[in-house]
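K.L.:
Note that the protein sequences, when read in sequence, are chains A and B.
In terms of the working numbering, the numbers along the first sequence are unbroken and rise by one, the last being 115.
In terms of the working numbering, the numbers along the second sequence are unbroken and rise by one, the last being 227.
One thing to keep in mind: the hints can contain errors.
What the hints assert, rightly or not - Okay, the calculated beta carbon distance ranges per label pair:
{"no.": "1", "chain 1": "A", "residue 1": "T113", "chain 2": "B", "residue 2": "A146", "range": "33 to 39 Å"}
{"no.": "2", "chain 1": "B", "residue 1": "Q187", "chain 2": "A", "residue 2": "T76", "range": "49 to 55 Å"}
{"no.": "3", "chain 1": "B", "residue 1": "N127", "chain 2": "A", "residue 2": "P70", "range": "44 to 50 Å"}
{"no.": "4", "chain 1": "B", "residue 1": "E130", "chain 2": "A", "residue 2": "G16", "range": "47 to 53 Å"}
{"no.": "5", "chain 1": "A", "residue 1": "Q17", "chain 2": "B", "residue 2": "E120", "range": "47 to 53 Å"}
{"no.": "6", "chain 1": "B", "residue 1": "N142", "chain 2": "A", "residue 2": "I55", "range": "20 to 26 Å"}
Claimed, not checked - In silico lysine to aspartate or glutamate, DMTMM-like type, Cα no more than 25 Å apart, as pairs:
{"no.": "7", "chain 1": "A", "residue 1": "K24", "chain 2": "A", "residue 2": "E11"}
{"no.": "8", "chain 1": "B", "residue 1": "K132", "chain 2": "B", "residue 2": "D182"}
{"no.": "9", "chain 1": "B", "residue 1": "K172", "chain 2": "B", "residue 2": "D154"}
{"no.": "10", "chain 1": "B", "residue 1": "K174", "chain 2": "B", "residue 2": "D154"}
{"no.": "11", "chain 1": "B", "residue 1": "K186", "chain 2": "A", "residue 2": "E44"}
{"no.": "12", "chain 1": "B", "residue 1": "K226", "chain 2": "B", "residue 2": "E169"}
{"no.": "13", "chain 1": "A", "residue 1": "K24", "chain 2": "B", "residue 2": "D154"}
{"no.": "14", "chain 1": "B", "residue 1": "K132", "chain 2": "B", "residue 2": "E222"}
{"no.": "15", "chain 1": "B", "residue 1": "K118", "chain 2": "B", "residue 2": "D182"}
{"no.": "16", "chain 1": "B", "residue 1": "K132", "chain 2": "B", "residue 2": "E175"}
{"no.": "17", "chain 1": "B", "residue 1": "K178", "chain 2": "B", "residue 2": "E120"}
{"no.": "18", "chain 1": "B", "residue 1": "K118", "chain 2": "A", "residue 2": "E62"}
{"no.": "19", "chain 1": "B", "residue 1": "K178", "chain 2": "B", "residue 2": "E167"}
{"no.": "20", "chain 1": "B", "residue 1": "K178", "chain 2": "B", "residue 2": "D199"}
{"no.": "21", "chain 1": "B", "residue 1": "K214", "chain 2": "A", "residue 2": "E44"}
{"no.": "22", "chain 1": "B", "residue 1": "K118", "chain 2": "A", "residue 2": "E14"}
{"no.": "23", "chain 1": "B", "residue 1": "K118", "chain 2": "B", "residue 2": "E167"}
{"no.": "24", "chain 1": "A", "residue 1": "K24", "chain 2": "A", "residue 2": "D56"}
{"no.": "25", "chain 1": "B", "residue 1": "K172", "chain 2": "A", "residue 2": "D56"}
{"no.": "26", "chain 1": "A", "residue 1": "K78", "chain 2": "A", "residue 2": "E11"}
{"no.": "27", "chain 1": "B", "residue 1": "K132", "chain 2": "B", "residue 2": "E171"}
{"no.": "28", "chain 1": "B", "residue 1": "K186", "chain 2": "B", "residue 2": "E222"}
{"no.": "29", "chain 1": "B", "residue 1": "K214", "chain 2": "A", "residue 2": "D63"}
{"no.": "30", "chain 1": "B", "residue 1": "K118", "chain 2": "B", "residue 2": "E175"}
{"no.": "31", "chain 1": "B", "residue 1": "K118", "chain 2": "A", "residue 2": "E11"}
{"no.": "32", "chain 1": "A", "residue 1": "K78", "chain 2": "A", "residue 2": "D63"}
{"no.": "33", "chain 1": "B", "residue 1": "K172", "chain 2": "B", "residue 2": "D182"}
{"no.": "34", "chain 1": "A", "residue 1": "K78", "chain 2": "A", "residue 2": "D56"}
{"no.": "35", "chain 1": "B", "residue 1": "K214", "chain 2": "A", "residue 2": "E62"}
{"no.": "36", "chain 1": "A", "residue 1": "K68", "chain 2": "A", "residue 2": "E44"}
{"no.": "37", "chain 1": "A", "residue 1": "K78", "chain 2": "A", "residue 2": "D57"}
{"no.": "38", "chain 1": "B", "residue 1": "K214", "chain 2": "A", "residue 2": "E14"}
{"no.": "39", "chain 1": "B", "residue 1": "K214", "chain 2": "A", "residue 2": "D56"}
If you are wondering where the hints come from, they were derived from the structure by calculation, not from laboratory data.
Positions of the beta carbon are idealized from the N, C-alpha and C atoms, including for glycine.
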Amino acid sequence: DAGVIQSPRHEVTEMGQEVTLRCKPISGHNSLFWYRQTMMRGLELLIYFNNNVPIDDSGMPEDRFSAKMPNASFSTLKIQPSEPRDSAVYFCASSFRTGTNYGYTFGSGTRLTVV
Amino acid sequence: SQKIEQNSEALNIQEGKTATLTCNYTNYSPAYLQWYRQDPGRGPVFLLLIRENEKEKRKERLKVTFDTTLKQSLFHITASQPADSATYLCALGGNQGGKLIFGQGTELSVKP
Numbered sequence: 001d002a003g004v005i006q007s008p009r010h011e012v013t014e015m016g017q018e019v020t021l022r023c024k025p026i027s028g029h030n031s032l033f034w035y036r037q038t039m040m041r042g043l044e045l046l047i048y049f050n051n052n053v054p055i056d057d058s059g060m061p062e063d064r065f066s067a068k069m070p071n072a073s074f075s076t077l078k079i080q081p082s083e084p085r086d087s088a089v090y091f092c093a094s095s096f097r098t099g100t101n102y103g104y105t106f107g108s109g110t111r112l113t114v115v
Numbered sequence: 116s117q118k119i120e121q122n123s124e125a126l127n128i129q130e131g132k133t134a135t136l137t138c139n140y141t142n143y144s145p146a147y148l149q150w151y152r153q154d155p156g157r158g159p160v161f162l163l164l165i166r167e168n169e170k171e172k173r174k175e176r177l178k179v180t181f182d183t184t185l186k187q188s189l190f191h192i193t194a195s196q197p198a199d200s201a202t203y204l205c206a207l208g209g210n211q212g213g214k215l216i217f218g219q220g221t222e223l224s225v226k227p
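Chain A on its own, in the form it takes in the complex:
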């Protein structure tokens, strides 16, 4: 298995533009998570899905952020409009099940820079 695949690896965009980050989880994993990592705040959970259904989006910072999971093999995180404070590394992770003893498998992340 190729692991969790994220694209793009790097994204530089201007303030106000729409940004879409993509994730392909590991086949057979039924939980998917979006995290954001910054030096100041560390790894923050934004939203997670179980069986393609959003379970908890309390970590989404504001309405500019939205996430979808149209099927078991694809998820997107969209920021519209983007702002400089959104600059961070965004990680997608998947797991076989939540609330149990399975570790998460993380992708390599998307480094987003908003100028």
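Once you've looked at the hints, dock chain B against the given chain A.
P.N.:
Below, chain B alone, put in the same frame as chain A:
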């Protein structure tokens, strides 16, 4: 509010010694605790999980302890090697659905 604290300062040790990293938490009763390794420019990699009813877990040169009374986990790497140099993250989960809450991480540097 919930808080997870890991050594904020980098830990520097000599090759062959045992590295010990600490994870303390407050206002939380996790069902399990996990440790991850993160290298620069990469995502975290899962290492070990220990449940609330387990005191100790081992995997090769790694050992994790979990003291729910002290609200603390210790992560040990024995016979450390330069290749063990990385940032190590602890994460708590289990009592908020699927949420896994991460600490800030401790950077470990093993010198030859």
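K.L.:
Each of the hints needs a verdict: does it hold here or not?
P.N.:
How the hints compare with the structure:
1. One distance hint, 33 to 39 Å for the beta-carbon pair A:T113 and B:A146, holds here, with the actual separation near 37 Å.
2. The given range of 49 to 55 Å is broken by B:Q187 and A:T76, whose C-beta atoms sit roughly 39 Å from each other.
3. Between B:N127 and A:P70 the Cβ separation comes to about 47 Å, which falls inside the hinted range of 44 to 50 Å.
4. Checking the proposed 47 to 53 Å range against B:E130 and A:G16 shows it holds: the Cβ atoms sit about 50 Å from each other.
5. The hinted range of 47 to 53 Å is not satisfied by A:Q17 and B:E120, whose Cβ atoms lie roughly 37 Å apart.
6. For the pair B:N142 and A:I55, the beta carbons lie near 22 Å from each other, so the given range of 20 to 26 Å is met.
7. Between A:K24 and A:E11, the direct Cα distance comes to roughly 18 Å. Compliance with the 25 Å bound is thereby established for this hinted pair.
8. Only pairs whose Cα atoms come within 25 Å are accepted, and B:K132 paired with B:D182 is accepted, the gap being roughly 24 Å.
9. Under the criterion of a C-alpha separation no larger than 25 Å, the hint pairing B:K172 with B:D154 is consistent with the structure, at around 23 Å.
10. This hinted pair checks out: B:K174 and B:D154 have alpha carbons roughly 20 Å apart, not beyond 25 Å.
11. Restraint check for B:K186 and A:E44: the C-alpha separation of about 21 Å stays at or below 25 Å, so the hint holds.
12. For a cut-off of 25 Å, the pair hint linking B:K226 to B:E169 is broken: about 32 Å separates their Cα positions.
13. A distance of roughly 21 Å separates the Cα atoms of A:K24 and B:D154; the hinted pair therefore holds under the 25 Å criterion.
14. For the hint pairing B:K132 with B:E222, the CA-to-CA distance comes to about 16 Å; that is within 25 Å, so the pair holds.
15. About 16 Å separates the Cα atoms of B:K118 and B:D182, which keeps this hinted pair within 25 Å; it holds.
16. Restraint check for B:K132 and B:E175: the C-alpha separation of about 15 Å stays at or below 25 Å, so the hint holds.
17. Between B:K178 and B:E120, the direct Cα distance comes to roughly 19 Å. Compliance with the 25 Å bound is thereby established for this hinted pair.
18. At roughly 22 Å between alpha-carbon atoms, B:K118 and A:E62 fall within 25 Å of each other, so this suggested pair holds.
19. For a cut-off of 25 Å, the pair hint linking B:K178 to B:E167 stands: about 15 Å separates their Cα positions.
20. Taking the CA atoms of B:K178 and B:D199, the gap is near 14 Å; set against the 25 Å cutoff, the hint holds.
21. Restraint check: the Cα-Cα separation between B:K214 and A:E44 comes to about 10 Å, which is no more than 25 Å; the hinted pair holds.
22. Restraint check for B:K118 and A:E14: not satisfied, since their Cα atoms lie roughly 34 Å apart, outside the 25 Å limit.
23. Distance hint between B:K118 and B:E167 is fulfilled; the C-alpha atoms sit about 17 Å from each other, no more than 25 Å.
24. The straight-line distance between the Cα atoms of A:K24 and A:D56 is roughly 19 Å, inside the 25 Å bound, and the hint therefore holds.
25. With a CA separation close to 30 Å, the supplied pair B:K172 and A:D56 exceeds the 25 Å bound.
26. The hinted pair formed by A:K78 and A:E11 meets the criterion: a straight-line CA distance of about 13 Å does not exceed 25 Å.
27. Taking the CA atoms of B:K132 and B:E171, the gap is near 20 Å; set against the 25 Å cutoff, the hint holds.
28. For the given pair, B:K186 sits about 21 Å from B:E222 by alpha-carbon distance, which is consistent with the 25 Å threshold.
29. The hinted pair formed by B:K214 and A:D63 meets the criterion: a straight-line CA distance of about 21 Å does not exceed 25 Å.
30. For the proposed pair B:K118 and B:E175, the alpha carbon gap of about 30 Å is over 25 Å, so the pair is violated.
31. For a cut-off of 25 Å, the pair hint linking B:K118 to A:E11 is broken: about 31 Å separates their Cα positions.
32. In summary, the hint linking A:K78 to A:D63 is supported, as the alpha carbons are separated by about 10 Å, within the 25 Å threshold.
33. Restraint check for B:K172 and B:D182: the C-alpha separation of about 12 Å stays at or below 25 Å, so the hint holds.
34. At roughly 16 Å between alpha-carbon atoms, A:K78 and A:D56 fall within 25 Å of each other, so this suggested pair holds.
35. A hinted pair counts as satisfied when its Cα atoms are at most 25 Å apart, and B:K214 with A:E62 qualifies at roughly 19 Å.
36. Note on A:K68 and A:E44: the hinted pairing holds, with a Cα-Cα distance of about 18 Å set against a maximum of 25 Å.
37. For the hint pairing A:K78 with A:D57, the CA-to-CA distance comes to about 13 Å; that is within 25 Å, so the pair holds.
38. The suggested pairing of B:K214 with A:E14 is violated, with an alpha-carbon distance near 32 Å, which exceeds 25 Å.
39. With a C-alpha separation of about 8 Å, the suggested pair B:K214 and A:D56 falls inside the 25 Å cut-off, and the hint holds.
Checked against the numbered hints given earlier, this structure breaks hints 2, 5, 12, 22, 25, 30, 31 and 38; the rest are met.
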